[in-house]
Each structure stands twice: as C-alpha cells, then as structure tokens.
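Protein chains in written order, with our numbering: chain A, 1 to 339; chain B, 1 to 290.
Honestly, the hints are just simulated from the structure, not real lab data. Computed from a predicted structure; not experimentally measured. In this text, a Cβ means the ideal position worked out from N, Cα and C, and glycines have one as well. There could be a bad hint or two in this list.
Label pairs and their in silico Cβ distance ranges [stated by the list, open to error]:
(1) D197/A to S247/B: 30 to 38 Å
(2) E189/B to D12/A: 49 to 57 Å
(3) K55/B to D179/A: 30 to 38 Å
(4) K202/B to Y137/A: 46 to 54 Å
(5) N258/B to G218/A: 41 to 49 Å
(6) E240/A to K57/B: 54 to 62 Å
(7) K115/B to S192/A: 31 to 39 Å
(8) A196/A to M1/B: 26 to 34 Å
(9) S247/B to E87/A: 53 to 61 Å
(10) A196/A to E238/B: 25 to 33 Å
(11) D12/A to P192/B: 39 to 47 Å
(12) E210/A to A223/B: 24 to 32 Å
Here are a few chain A residues that sit away from chain B, every Cβ distance over 12 Å (derived from the structure) [to be verified]:
(13) S28
(14) D47
(15) G48
(16) P55
(17) L140
(18) F182
(19) V183
(20) K332
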Amino acid sequence: MNNIFVYLEIEDGIVGDVSLELLTKGRSLAKQLNCKLEAVAAGSKLDGIGAQVFPYGVDVLYLADDKRLFPYTSMPHTSLLVNLFKEEKPQIALMGATSIGRDLGPRVSSALFSGLTADCTSLEIGTYEDKKAGKVYENLLYQIRPAFGGNIVATIVNPDCRPQMATVREGVMKKEIKDAKFVGKTIKMDVSKYVADTDFVVEVIERHMEKSKLNIKGSPIIVSGGYGVGSADNFKLLHELAATLGGEVGASRAAVDAGFAEHERQIGQTGTTVRPKLYIACGISGQIQHIAGMQESAMIIAINNDPKAPINAIADYVITGTIEEVLPKMIKYYKKNSK
Amino acid sequence: MSFNIVVLAKQVPDTRNVGKDAMKADGTVNRAALAAIYNPEDLNALEQALRLKSKIKGATVHILTMGPARAAEIIRESMYRGADGGYLLSGREFAGSDTLATSYALACAIRKMGKIDLILCGRQAIDGDTAQVGPQVAEKLGLPQITYAEEILDLKDKKITVKRRLERGVEIVKGSLPMVITVNGSAPECRPRHAKLTMKYKRAATPTEKQEKGDDYTDFYDARPYLNITEWGVNDIEHDIQWLGLSGSPTKVKQIENVVFTAKESKRLTASDVEVEDLIKELIANHTIG
Numbered sequence: 001m002n003n004i005f006v007y008l009e010i011e012d013g014i015v016g017d018v019s020l021e022l023l024t025k026g027r028s029l030a031k032q033l034n035c036k037l038e039a040v041a042a043g044s045k046l047d048g049i050g051a052q053v054f055p056y057g058v059d060v061l062y063l064a065d066d067k068r069l070f071p072y073t074s075m076p077h078t079s080l081l082v083n084l085f086k087e088e089k090p091q092i093a094l095m096g097a098t099s100i101g102r103d104l105g106p107r108v109s110s111a112l113f114s115g116l117t118a119d120c121t122s123l124e125i126g127t128y129e130d131k132k133a134g135k136v137y138e139n140l141l142y143q144i145r146p147a148f149g150g151n152i153v154a155t156i157v158n159p160d161c162r163p164q165m166a167t168v169r170e171g172v173m174k175k176e177i178k179d180a181k182f183v184g185k186t187i188k189m190d191v192s193k194y195v196a197d198t199d200f201v202v203e204v205i206e207r208h209m210e211k212s213k214l215n216i217k218g219s220p221i222i223v224s225g226g227y228g229v230g231s232a233d234n235f236k237l238l239h240e241l242a243a244t245l246g247g248e249v250g251a252s253r254a255a256v257d258a259g260f261a262e263h264e265r266q267i268g269q270t271g272t273t274v275r276p277k278l279y280i281a282c283g284i285s286g287q288i289q290h291i292a293g294m295q296e297s298a299m300i301i302a303i304n305n306d307p308k309a310p311i312n313a314i315a316d317y318v319i320t321g322t323i324e325e326v327l328p329k330m331i332k333y334y335k336k337n338s339k
Numbered sequence: 001m002s003f004n005i006v007v008l009a010k011q012v013p014d015t016r017n018v019g020k021d022a023m024k025a026d027g028t029v030n031r032a033a034l035a036a037i038y039n040p041e042d043l044n045a046l047e048q049a050l051r052l053k054s055k056i057k058g059a060t061v062h063i064l065t066m067g068p069a070r071a072a073e074i075i076r077e078s079m080y081r082g083a084d085g086g087y088l089l090s091g092r093e094f095a096g097s098d099t100l101a102t103s104y105a106l107a108c109a110i111r112k113m114g115k116i117d118l119i120l121c122g123r124q125a126i127d128g129d130t131a132q133v134g135p136q137v138a139e140k141l142g143l144p145q146i147t148y149a150e151e152i153l154d155l156k157d158k159k160i161t162v163k164r165r166l167e168r169g170v171e172i173v174k175g176s177l178p179m180v181i182t183v184n185g186s187a188p189e190c191r192p193r194h195a196k197l198t199m200k201y202k203r204a205a206t207p208t209e210k211q212e213k214g215d216d217y218t219d220f221y222d223a224r225p226y227l228n229i230t231e232w233g234v235n236d237i238e239h240d241i242q243w244l245g246l247s248g249s250p251t252k253v254k255q256i257e258n259v260v261f262t263a264k265e266s267k268r269l270t271a272s273d274v275e276v277e278d279l280i281k282e283l284i285a286n287h288t289i290g
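Construct the entire structure; sequences and hints are all you get.
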C-alpha cells in the first residue's frame with residue numbers, strides 16, 4: 001500500500017531505458033517518502049526481467065506473463081494496471097512518455113479518476129497549500145513540465161486523487177544502478193483475475209519495430225543544427241564534422257520541421273534530452289524548448305552569424321560566422337592537430 | 001445504412017508564435033492575446049473522416065468542440081472542407097477543466113448524439129501536448145482505442161484496419177467499431193477549403209451568433225436549416241456536475257514560472273583561421289575531442 005509503481009516497457013525481453021531511468025528516479029522518491037519501489041512487467045517470457053530491474057532497487061516485481069499481453073494493446077494492459085492499483089493503492093505511478101506510456105497512462109488515469117501529467121521534466125516531493133479549502137498537503141509529487149510550447153514551466157499536483165501519475169520521456173532522468181546484487185521479491189500475477197477476455201478487442205496484425213540506429217543520447221559529441229543551417233544540403237557539413245570528431249548529428253525542432261533532418265535527431269523538450277561532453281550548436285537561435293534539452297552539456301559551442309542569438313547566453317564559446325565558413329575550418333584544423 | 005463519424009477538434013492558441021502578453025498575472029494563458037487556430041492534428045483527423053465519408057454511402061461527419069463562443073469558427077472551417085455540421089459545447093461550468101474533466105464533458109456530449117460509429121481526433125493539441133483526451137474519451141465511453149493512426153487501411157463489416165506510427169516503428173492493427181482513433185501528424189494533410197462549400201456555409205452559425213445578428217435573420221436561417229450549428233450548454237447533456245470543470249479536474253496547477261536560463265560567461269571568437277585553430281587545439285588538449 002502507498003508505494004511507488006513503475007510500469008516497465010519491454011521489447012524482445014529487454015526492459016527499455018526509459019523504464020530503468022524511471023526506476024532510478026522512483027528509487028530516490030521512495031527513499032524520500034520512506035516507501036517501497038514496485039515494478040510491473042506485462043508481456044510474455046518474462047523470466048529475465050527480474051535480473052534486469054532488481055539492481056535498480058525494485059522491492060517488489062509483479063510479473064503478468066501471458067502471451068496475449070505481447071505485443072502491447074491498450075485495453076488488456078489498462079485492465080491489468082487498474083485492477084492491480086485498486087488492490088495495491090499506490091501513491092505514485094510512473095510510466096514512459098512513449099508510444100505505449102502515452103496510450104496507457106491516460107486510459108488508466110481516467111478509469112481510476114486520478115490526475116496524470118504528461119512529459120514531466122522533473123519530479124520532486126513537496127508541500128501544497130490549498131488556500132481556498134484551507135488545507136495543507138504534505139509529501140505530494142510535484143510534476144514539473146514545460147507548457148505552452150515550452151515558454152513556461154508548470155508545477156502540477158494531484159492533491160486528492162491516487163495514484164499521482166506522471167509520464168517522463170526517455171533520457172530526461174538519469175539511470176543508475178543502486179546495488180548490482182540486490183534481489184527483491186517477485187509476485188507472479190494470475191492474469192485472468194485482472195484482465196477479461198473481452199479486453200482483447202484490438203489485434204496486432206503486423207509489426208515492424210526498428211532498433212534505433214541512432215544513439216544521440218549516448219554520444220559524447222553532438223553537432224546539432226537549427227533552421228539557420230539553411231538547407232538539408234548544408235546539413236551535410238554537420239555530418240562531416242560529426243564523423244570527423246566521432247559524434248552524432250542532432251537538430252532543433254525548426255530544422256526537423258523544415259525537413260533538414262530526420263525526426264529522430266530532434267533535441268529538446270519534444271525530442272531527446274542530451275548531456276554530451278561537447279555540444280556544437282550550428283545556426284540554432286536557442287528557443288527555450290531546444291535549450292531545455294541540451295543545457296546540461298558539459299561544453300557548448302555556438303556557431304551563429306547572429307551575435308545576439310539567445311543560445312549564446314548559455315554557450316562556453318561563441319563563434320560569430322557562417323556554417324559554411326566555420327565548419328570546414330574546424331574539420332581542417334582537427335585533422336591537422338589530432339595526429 | 002447510416003455511418004456516423006464524430007471528429008473531436010479543438011481551437012488552440014498558436015503556441016508556435018507566443019508574444020510577451022501571452023500570460024496573465026495569475027499564470028493562466030491569456031488566450032485573447034494569441035491567434036486562435038485549428039489544432040493541426042485535428043485537421044489530420046478531419047481528413048481521415050472525410051475520406052471515409054466519400055467511400056461509405058450515407059456516412060456523415062460532425063465536429064464536436066468544447067470552448068468559448070468563437071470556437072464555432074473551427075466548425076465552420078470543417079464545413080468548408082466537407083463536414084456536415086457540428087456541435088459546440090460551451091459554458092462557464094466547463095471552465096478550468098483539465099484533460100479528465102474535458103474528456104468527461106466530451107463523452108457526455110457524444111452519448112447525447114445517438115448512434116456513433118467512429119470517433120476521430122488528433123493525437124494531441126499544441127497548447128498542452130498531452131495526448132490524453134483521445135484515450136480518456138474512449139475509456140469514459142467504454143470503447144476501444146487506436147492511437148497514432150497514420151492511415152485507415154480498410155473498413156469492412158464494422159472491422160477497421162489501421163496503420164499506426166510509433167516512435168520506433170509501424171504497426172497494423174484491427175479492431176471492431178465503434179471505437180476512438182487518434183490521428184498522428186504524419187497522416188495526410190487535410191484538404192483545403194472547397195470554394196462551393198465555403199460559399200454555402202459561410203453564414204453557418206450557432207444560436208448565440210444568430211442572436212448577435214438580430215431578428216432580421218430569423219427567416220433566413222429558418223429557410224436554411226443546414227446553416228445551424230448546434231450549441232450545447234451544461235443542461236443539454238446528461239452529466240454529474242462534480243465531474244465537470246475545476247471540481248472534475250484532479251490535477252491542480254501549483255505554480256507557473258517563466259523559463260529563464262542562467263547565462264554563462266562565454267568566450268567570443270571570430271571565424272578567423274587562427275581563432276578556430278586555437279579553439280580546436282584547446283579542445284584536443286583538454287580531451288574534449290580526439
């Protein structure tokens with residue numbers, strides 16, 4: 001009762017990074033609230049899940065093993081969580097802001113009449129005072145998220161309804177093993193007690209999941225381009241520099257919307273959050289929504305022909321010049337000096 | 001045989017062009033200061049609805065939107081592109097709704113419409129980016145859902161086959177109607193306004209709008225029932241007041257902050273060969289690169 005639950009996303013028997021990141025966050029929230037961290041795995045052939053998640057400090061792991069639960073469909077997974085939550089009454093439930101989590105979360109929250117905040121960028125514990133009702137709530141989950149196109153940051157609370165639900169995008173939280181040898185308790189669920197046969201109304205006929213070929217999140221060096229790069233053709237220069245330095249190419253939302261780069265390269269609140277060793281921002285003006293996704297980079301170089309671009313404020317080095325001028329020089333002098 | 005489609009649509013502030021007076025002192029959005037537009041992904045949903053309408057004999061497409069009086073604009077906009085009409089759900093009882101209270105109100109309105117075969121809506125709205133209302137309406141109505149639809153591939157004997165666009169792939173799924181389908185921005189764009197339909201419907205109006213025009217127009221509208229946009233208030237739908245508006249919203253906004261980033265002390269360089277080479281040498285020396 002009153003614990004923190006994380007819904008695990010599983011593909012090919014592997015727990016997704018986003019879930020491990022949430023377990024890491026859940027672990028620290030559980031410590032603060034002095035409660036347990038519990039995880040739910042739903043799918044088939046789940047024998048290997050425990051070994052993957054216990055090192056993150058999972059006290060209790062629920063396994064719902066049924067071949068009908070993979071691939072994911074909305075209603076069976078909803079019923080499983082709704083009925084489990086009715087029994088266990090968690091205070092907090094977290095899931096990834098992914099294709100699955102954003103399909104499942106709202107449905108579960110509606111069935112339980114509990115508030116859900118999508119795409120949180122930070123989760124904290126704190127107090128809330130309802131001045132109208134004259135009530136003070138202790139130990140609520142602050143669900144902090146950008147709103148309104150990233151121009152404001154809102155702190156949302158669910159004072160009266162449980163669980164307090166939130167989704168978080170992959171890469172926003174850090175994943176960190178707590179104790180490699182820790183082993184929690186495993187509970188095998190009787191799926192038929194939680195999910196009705198009539199829930200299986202949508203059938204997956206075909207499925208093509210691509211392993212993401214890109215690993216922007218894990219790349220120590222990112223060369224990123226914005227609308228100011230000017231064209232998909234000019235983006236080739238970024239690819240060349242990234243290849244020379246051993247990095248990846250990222251892009252701002254404006255550049256992706258303009259068709260200069262693929263969607264999966266998008267960095268920012270609505271894309272991936274990155275923390276590389278070096279971030280080279282080319283022709284990026286520095287909209288809040290982009291900065292929020294890269295501001296924790298260890299070093300930032302901004303290349304822009306506008307000396308007043310907002311991104312310059314958070315950059316360690318500001319080079320005023322055009323992409324066509326600066327990038328070839330960087331490639332040339334790296335080749336010359338790196339040997 | 002009838003086939004009734006409802007498209008859930010929202011008029012949203014254009015958050016892609018936000019000015020300084022966009023927020024009120026209490027932290028809420030000053031919608032009056034922003035251009036109001038048709039939520040982009042709801043237009044993708046409308047296009048899917050119109051495609052089905054042209055394939056299925058006797059199919060109808062109606063818009064349902066919740067919002068202030070001026071939200072009737074997007075119903076008219078839908079009619080210019082081929083929708084049959086629409087419903088505006090409006091009233092102060094709905095104010096302050098979070099996604100759950102919004103979904104409850106929409107679900108009550110859909111129930112009132114009678115036999116509905118398919119509910120389509122955009123994946124998410126650009127003012128909140130939550131993607132919650134579609135699935136929550138489905139849950140409130142006890143219907144199945146298919147999210148992130150890119151294309152409706154087939155519809156036969158009340159079975160619908162849909163291609164879904166996921167973050168890391170594609171799925172083809174099949175389910176039984178009635179259901180809720182949310183449409184992804186990668187689906188085909190909505191067709192433009194049709195000139196004849198725009199002429200035909202440009203005076204379509206809600207009762208409130210007709211009142212503003214005055215009594216002189218009573219006969220005009222009586223003779224043209226197709227110009228009537230239905231307007232429902234809280235008393236037109238069967239509801240439990242506690243699930244509407246603020247009281248029906250489990251989430252509360254504790255605080256709103258403007259986003260500010262701490263500025264660093266930056267080193268300014270020119271694009272000259274010397275300065276670029278010095279920078280590269282420095283980065284190699286401190287092992288940032290190489």
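Provide an ascending list of the numbers of those earlier hints which the structure does not satisfy. 2, 3, 5, 9, 12, 17, 20
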